[in-house]
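A.B. asks: Listed below, chain by chain, are the residues.
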Amino acid sequence: MENKLFLITEQEITVQEVVDKVSDRNAGAINCFIGTVREMTKGKKTLYLAYEAYVPMAEKKLAQIGDEIKERWPHTQVAITHRIGELAISDLAVVIAVSTPHRNDSYEASRYAIERIKEIVPIWKKEHWEDGQKWIGDQLEKTAYPKGAPKMEELND
Amino acid sequence: MENKLFLITEQEITVQEVVDKVSDRNAGAINCFIGTVREMTKGKKTLYLAYEAYVPMAEKKLAQIGDEIKERWPHTQVAITHRIGELAISDLAVVIAVSTPHRNDSYEASRYAIERIKEIVPIWKKEHWEDGQKWIGDQLEKTAYPKGAPKMEELND
Amino acid sequence: MIKILLFAELSEQAQSGELFIEAEGKSIAAFKDLLQKSYPELTISEATMIAVNEEYAEDNYLIQKEDVIALIPPVSGG
Amino acid sequence: MIKILLFAELSEQAQSGELFIEAEGKSIAAFKDLLQKSYPELTISEATMIAVNEEYAEDNYLIQKEDVIALIPPVSGG
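Chains as they are written, first to last, in the numbering used here: chain A, 1 to 157; chain B, 1001 to 1157; chain C, 2001 to 2078; chain D, 3001 to 3078.
Chain A on its own, in the form it takes in the complex (with noise of 0.2 angstroms):
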């Protein structure tokens, strides 16, 4: 089931294997966001992080996001990766590969795809320091959509 085009798992992600998922004769352009795991954050030296999920809702919901992109942008072929456990410093915590037959589009599929996973996706990340641990929560700090959507301005912030 690796070939899902919605998948959360425990194994490394291969940015290809992601990419080869939205591979479409009519596209022009793929827009491949890819999110690591960084070693300092405002002063603050993570040394590893910690990924759960609710696996099945979260499946679900990657797939209600691509469902959100192709009504707004036509044509479009999403596929989204995410990898949950321990995560080391540079390794990839998500891929998002969104195919479109416009390059401008692929950009902006793109970045909603990855702030409506902030939104609505049922994932948690545990950050581990040097000096302690912590569930992160709410990193947006704004209104959640768990049901509709956002206007796009909304996410240009």
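Read the hints as simulated data drawn from the structure, not as lab findings. Be careful, since some hints might not be right.
[Said to hold, decoys possible] Among the chain B residues that face chain D by a calculated CB cut under 7 angstroms, a handful are:
{"id": "1", "residue": "V1055"}
{"id": "2", "residue": "P1056"}
{"id": "3", "residue": "I1117"}
{"id": "4", "residue": "K1118"}
{"id": "5", "residue": "P1122"}
{"id": "6", "residue": "W1135"}
[What the hints assert, rightly or not] Selected chain C positions facing chain A (in silico; Cβ < 10 angstroms):
{"id": "7", "residue": "A2029"}
{"id": "8", "residue": "A2070"}
{"id": "9", "residue": "G2078"}
Glycine included, each C-beta is placed from N, C-alpha and C at the ideal position.
We have chain A already, so just place chains B, C and D on it with the hints.
C.D. replies: Okay, now just chains B, C and D, sitting in the frame of chain A:
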């Protein structure tokens, strides 16, 4: 020399190879834009494309784009590979990888890169259709900025 | 008894990934109140979403016999 | 004689990737005029940029003895 950050090549491009060049412990995001050969454009069917480049100058201009990006978005890593020669439908023509500490910058810097490529990098595309062929020029139909650099608002049309 | 799934901070607080509670017929809002009273160690807030059968539920939804409920604290994927 | 590199449509029109022309001391603008007169089959326009030694040149640049000139028609990479 395949590990050059700014490369013109006749070989197939591997996405992972370009992405790996911008891997950075302090990157939280990598945006990877892939330009592919699209079959249908405005109802016209492309059979294949040929790209030609003034190779040494093209690599210099790609590097210049990298410098412009680092100046506008600090702590950014950039790698760009453009393929030349004959390309089939769905082949990768260009791969741009940009790593940044925060995700918004990765999208903006990547979009800047593709727009600048279409302005200043001496690479030319010849479309081969069923009923003819043509060197494509001036897709942007706007002012060239051979030495300076455009403002972001000029890129957003 | 209704099965409640817990994740992240909440499963650490409960020292378990699941709980069972008598909640059939209750609204989501009433269920949250009851759960908080029964398990004061759990951090349940306005921001804690409730999923029923893997879909976000409205506050006025009435819990059915076979429902699987999950507490969804603010998410932080990506 | 100055070496002129041609690409894309221009090299097809000239049936060659290079030409040689007497252009030392000329400005870029004068060089473009001369080249167009000498090779009327070439499509040279306002949009045709001139590179000198792999860098775009201004119209008033004066061509030096060892310069390598390239004609850069509107680009279409990406």
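A.B. asks: P1056/B was flagged as interface toward chain D. Is the shortest Cβ-Cβ separation under 7 angstroms?
C.D. replies: It holds, given that the least Cβ distance between P1056/B and chain D is near 6 angstroms, below 7 angstroms.
A.B. asks: Checking hints one by one. Is P1122/B an interface residue toward chain D, by the C-beta closer than 7 angstroms rule?
C.D. replies: 5 angstroms, holds
A.B. asks: Closer than 7 angstroms between Cβ atoms is the bar; does W1135/B clear it against chain D? Give me holds or violated.
C.D. replies: 4 angstroms, holds
A.B. asks: Hint validation: G2078/C versus chain A, beta carbon distance must be below 10 angstroms. Holds or violated?
C.D. replies: 5 angstroms, holds
A.B. asks: Hold the hint about V1055/B up to the distance rule: shortest CB distance to chain D must be less than 7 angstroms.
C.D. replies: 10 angstroms, violated
A.B. asks: For the hint on K1118/B, does the least C-beta distance to chain D fall short of 7 angstroms?
C.D. replies: 5 angstroms, holds
A.B. asks: Can we keep the I1117/B interface hint, with Cβ of chain D closer than 7 angstroms?
C.D. replies: 5 angstroms, holds
A.B. asks: With a cut-off of 10 angstroms, does the beta carbon of A2029/C approach a beta carbon of chain A closely enough for the hint to hold?
C.D. replies: 15 angstroms, violated
A.B. asks: Against chain A, is A2070/C within 10 angstroms by beta-carbon distance?
C.D. replies: OK, holds: A2070/C within 10 angstroms of chain A, min 6 angstroms.
Hint check: violations occur at hints 1, 7; the rest are consistent with the structure.
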